[in-house]
Amino acid sequence: TQLLEQSPQFLSIQEGENLTVYCNSSSVFSSLQWYRQEPGEGPVLLVTVVTGGEVKKLKRLTFQFGDARKDSSLHITAAQPGDTGLYLCAGLVGGADGLTFGKGTHLIIQP
Amino acid sequence: GAVVSQHPSWVICKSGTSVKIECRSLDFQATTMFWYRQFPKQSLMLMATSNEGSKATYEQGVEKDKFLINHASLTLSTLTVTSAHPEDSSFYICSPRRRSYEQFFGPGTRLTVL
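Going line by line, the protein sequences match chains D and C.
Just so it is clear: in the first sequence, position 9 is 9 by the numbering used here, and no numbers are missing.
Just so it is clear: in the second sequence, position 85 is 85 by the numbering used here, and no numbers are missing.
What the hints contain is simulated information worked out from the structure, not anything from laboratory work.
Hints should not be assumed to be uniformly reliable.
Mimicking EDC-like on lysine to aspartate or glutamate, the simulated pairs with C-alpha atoms at most 20 Å apart in a straight line are [claimed, not checked]: (1) D:K59 x D:E15; (2) C:K64 x C:D27; (3) C:K41 x D:E41; (4) C:K20 x D:E15.
For clarity, every value in this text was computed on a predicted model and none was experimentally measured.
Here chain C stands alone, though its shape is the one from the complex (with noise of 0.2 Å):
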């Protein structure tokens, strides 16, 4: 099996704080991390990719300054969500990926900024 683990599953936090988002693979090794934002009634949106060891590449209109990536691990990632805004509040969902190329996900974490 794969088995993804986000950190935490939900939070609540006031606007100005940051917070931080862990990904852990737990039975394999992921060589690349997707994160993927998705907000209400909407389809996932990716936000960035990270290989291990590598500085993450952004997509467009994601700012990696405010979004920081580490892919220090081939089973551990995290976001850091800086200085969050009331806009920041969405469900943030890590995708790692093993080198067969198959893309799993995390349950998920349910970011409100107040």
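Okay, chain D solo, but in the shape it has when bound (with noise of 0.2 Å):
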């Protein structure tokens, strides 16, 4: 069962434009995580956010935690190169299981 759905999957985009990448779950969660991927490597972690309503930005990525902590959204404005990846949203209900990760979106920017 997939606890968290993630989407778009695949997003290709030029440069300069703007991106949002949804994540979706039925439950609710006690934090969320945005993550990104390069290939070969581990997850980065990006924010965590944990308060219902909550928007926190880094740079050009703006967070957002859904009022029912049920929901977030990841917003890229002017996209670069750069950003390129995957990108993974991954929550955790409760304290004692590990983190539950969404099926993640492939990002590339064009130049």
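Using the hints, put the two standalone chains together into the complex.
Set out below in structure tokens:
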């Protein structure tokens, strides 16, 4: 059972465009993380959101946690080729389980 | 910081052999260790969870006799793929978690079984 639905799965856009990646679930998460992964490497944490309605910014990346803590979004402004990678959302249900990952969004930014 | 190392980073083995992957948390103590597997173009799938000194808990569909996990200390965990077959070829990632429930990830081990 896929607890976290991520969309889109693949996205290829031109440099300078904006994009949004969505992460949805029927479960309530105590916290939700966004990761970026390069080929052949482990995921690198971008941000953790814990409060419903929370918005965090990381340069051109804006992360939002839904009010009900069941969904989240990642918005990239003026995408650059260096943003290319696999973006993963992951949630923690309760305190004892490991992170559950969405299927990921493969993002390609073309120069 | 939180530094996690995995060894080896890349291994090729013949079908039927066993491969051991080490995961070390270099600057913190990992009370819990998670092992994930990632196939090409796919996301991370949790294989098992282990607490230091305890037996690992395996996710549904993961054979405990095939994927042996040892978490003997707070800084070291190992995953042994026994009698590896080509379908076991994958990217294996360890993820230690410390008491604050922060979960970190190793750089991964690429296993190719011929």
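Earlier hints that do not hold, by number
Going through the list in order, the structure violates hints 2, 4 and respects the others.
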